[in-house]
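Based on the hints, put chain B in the right spot on chain A.
Residue numbers (the numbering used here), protein chains in the order written: chain A, 1 to 440; chain B, 1001 to 1584.
Since the hints were made in silico from the structure, they are not lab data.
Just so we're clear, the structure is a prediction, and the values are computed from it rather than from any experiment.
Incorrect hints may have been included.
BS3-like mimics (lysine-lysine), calculated; alpha carbons at most 30 Å apart, straight line [to be verified]: (1) 1510(B) to 347(A); (2) 12(A) to 1061(B); (3) 372(A) to 1423(B); (4) 370(A) to 1470(B).
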Amino acid sequence: METQAFQKIYTKLTQITKATCSVQATGVGNEELATVAGRLAQVVKIVGDNVTLQIFAGTEGIGTDAEVVFFGKAPTLKVSDELGGRFFNAYGEPIDGGPEIEGKEVEIGGPSVNPVRRKQPSELIATGIAGIDLNNTLVTGQKIPFFADPDQPYNEVMAMVALRAQSDKIILGGMGLSNDDYLLYKNTFENAGVIDRIVSFVNTTENPTVERLLVPDMALTAAEYFALEKHEKVLVLLTDMTLYCDALSIVSNRMDQIPSKDSMPGSLYSDLAKLYEKAVQFPDGGSITIIAVTTLSGGDITHAIPDNTGYITEGQLFLKRDTDIGKVIVDPFRSLSRLKQLVIGKKTREDHPQVMNTAVRLYADAANAKTKLENGFDLSDYDIRVLDFAKEYSEQILAIDVNISTDEMLDRTWALFQKYFNRAEIGIKDEFMSLYWKKE
Amino acid sequence: MTTGIVKGIISNLVQVEVSGPVSQNEICYIIQGGVKLMAEVIKVVGNVANTQVFESTRGLKPGDQVEFTNHMLEVKLGPGMLSKNFDGLQGDLNKREGVYLTRGEYTDPLDEDSLWKFTPIAKAGDKVSAGDWLGSVPENWVNHKIMVPFVMEDEYTVKSVVPEGEYKITDTIAVLTDNDGKDIPVNMIQKWPVKIPITAYKEKPRPFKLLETGVRTMDTLNPMVEGGTGFIPGPFGAGKTVLQHSISKNAEADMIIMAACGERANEVVELFVEFPELDDPRTGRKLMERTIIVCNTSNMPVAAREASVYTAMTIAEYYRNMGLKVLLLADSTSRWAQALREMSNRMEELPGPDAFPMDLPAIISNFYARAGFVYLNNGATGSITFIGTVSPAGGNLKEPVTESTKKAARCFYALSQARADSKRYPAVDPIDSYSKYLEYPEVIEYLNTNVNPHWVVDVNHTKDIILRGKEAQEQINILGDDGVPLGYHDKYWKSELIDRVILQQDGFDKVDQSTPMNRQQYMLELILEICNTNFVFESFEEVMPYFTRLINICKQMNYTEFQTAEFNNYEAELRKIVEERRAK
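Same shape as in the complex, but just chain A (with noise of 0.2 Å):
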């Protein structure tokens, strides 16, 4: 950003933290942009004259007498059709080599939808895997993490999601992403052939860590413009939220804060719900679904990082290695898709819910069985019957390689009831099991 005229200029910084700084000056505005020392920065706080700015790329260096430049605005994106295929830094800058973008300039970070201008959503997103379409339905204008420890493969299955997916659009918002995984997807979605429709704001690990504060927001106002002049589905990934929330904590923390749980800032909730509200379905056909990573520690989920976000989110999915099969797949017990009593029943066949919950019970008391077996205990034959079943129902219709539709998921679980249970222990309403109990 260059300077321009008429702007006025301060040299005299008062304080400067790890994140932050604070310069005597008047007439600046609240969460205006500026740059300190050729470095961009936004007002967090203004105490008479003394205005404190966040400095996205760090302090280091920062003398007190950097010249701070104030732009009177806050931060912007150009948007247009020329977004698409391109990748930006988190201040929405080109890093693939290409032009500038021309278009009309939005603050990011912009109001949010008044809810009596919302549709309800109810139109549901296949992705072939049944951990997703048979368990936990996903829905346009639908919010949902994947909740993952470091070591699953969640940036892969999201990958794979997006690309399944149905979408106009797919944004991605990488914060502290690993440079291999930046790569991964951008790899991923140069050999499907859909990197036109693709919108990348992307902050690495190489990138300092206060600037990733501004991605989501850069990707949010992009898929804004998408949806809602475009009419368009648009899909956005967000990877990873954790990383995002300790860039949050940093700044509360330089700023004196108390912190709340987790060294967590008190505002963690309104934070995030500012962003992953911006999930929405309007009534026009445009959408916003947001697909975010909430990395966890050793599956700690009263961390108030995931804590917060689950309160806020659609549900969760979870990824789980079944060893018994030796494959990832969706964790049926702990995943859920908030949302999914909107489609299921209704788009998909009307047997979906009972089956499902018929089958997620089954798998239960085949956990219960397991349980059993590792405490030495005899299994009764139900017992026995109830984990052939887990592991068929594993590897034919919940493993993450298997891409088949709804129809065709259902079909093989209700194979799989007569395969080893009678009537009375499928209990499922009889007006289904005569159409579809085939044995007797």
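Coordinates of chain B only, in the frame set by chain A:
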């Protein structure tokens, strides 16, 4: 009028240097480029007022002008609120233009042009005081009473009331004379500050009447009463919102106020979409016609979140004073507490537990205390039943909001992660949950009179069976299926029968989603009859298949219309199976 100048901005906390007197909780408007942003004074130090702004403060500058209004945050009460969707400050969301919520746009909660058919109740010469009914207008199906404004504290004599006819809310409908002989014209609108309870009633006795919700695990095991308070804590994914929604759809209340406080916008949209479609079994009209939604979703400004629960409560108190049974649901009160925490943090107050403000327990209990069953001045009754959800951090119930709420609310519906994981919905834990009302002598008497004479004994017996079943299950898990006496399996499966047939309920099935009290009574009696039967088993392996059969048939009964031929067939089949193994 006091004015001020912006001095400092820390997120949505704005410090204002004032020119004259200001009061705590006074509303002011910060003027930014012609747009007025509403804010509330939350602390005053010298001539600096700390205000929380109900909007985004982006672009606000030191030096911006501020106007004070000399009143606290108020709601505007009058006919025309039913079926409306309000934001946290009672702005009508449907009147706001554009897809996005524009800053500084405040809309009128009432419609000044609509005509209402007014019928007088009071007549000239009557002595009246605050909250007394002067007349009524039909609002949807509610007989909306036009009352002596709550702010009028003395006794007045009615000088005149307009005759029956159509009037606008701004038209004078009565003239009252005060003790000094001064005439005061009254129209259909009144204003009231949301943070102050409306107490224009005669008496607030202990609540005693059952409030049917159609949710079996509540009505049967831990009943809610008219004018009672309860809360639903639970980790995310345990089904708090689904449970609250099913209560709202089926509860035996005259009207429902939903305060969606800091929760997901799509959940609010679900209400917007479904309520206008759903039939209200009690009036035969649409559910939306008896509903008011106050919503501040999680992405709307934080400060208005706190206001939203008070706005909803004040509207509830207004309708209660018309002699109505109001059910107020707030989802989630934790978000409101978090909003308090954010502000307390910005004001650099010394933090209490988990960085929440020290007075959190007091704030919560004062709020719950506004619910209740009342006798109005004219002897009529009205009630506010309040059920809030709590979203405890990490699902751990030992956190400040849950603990503070536990002290204030009389019913506790604990949602359990384990039950949710095994899809046992509603995931209300039958052992941890309680309803203090079940210990009230007046409630016991009411239940035994209105349900059946041994109802409370039956309910407590049911709880015992559940508890014994759980103990038996633990023993089986430790010692193994064949390591325990056969009786343990019997005990466990009898509790499982109660769990699967009575406690679990399919909120998405059109029959099972709501169970009237007579049906609950019928089913409980039937199930207890089975539980009290001695069965003969040769080995533990026979127990599970047998009970699975019983459960399967009972579930088919739950899915079938009550006492139809189909239902009776299932029951006959059930009784036949019971006979197979009955001890001679």
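Query raised in the report: Quick check: which numbered hints come out false for this structure?
Result: none
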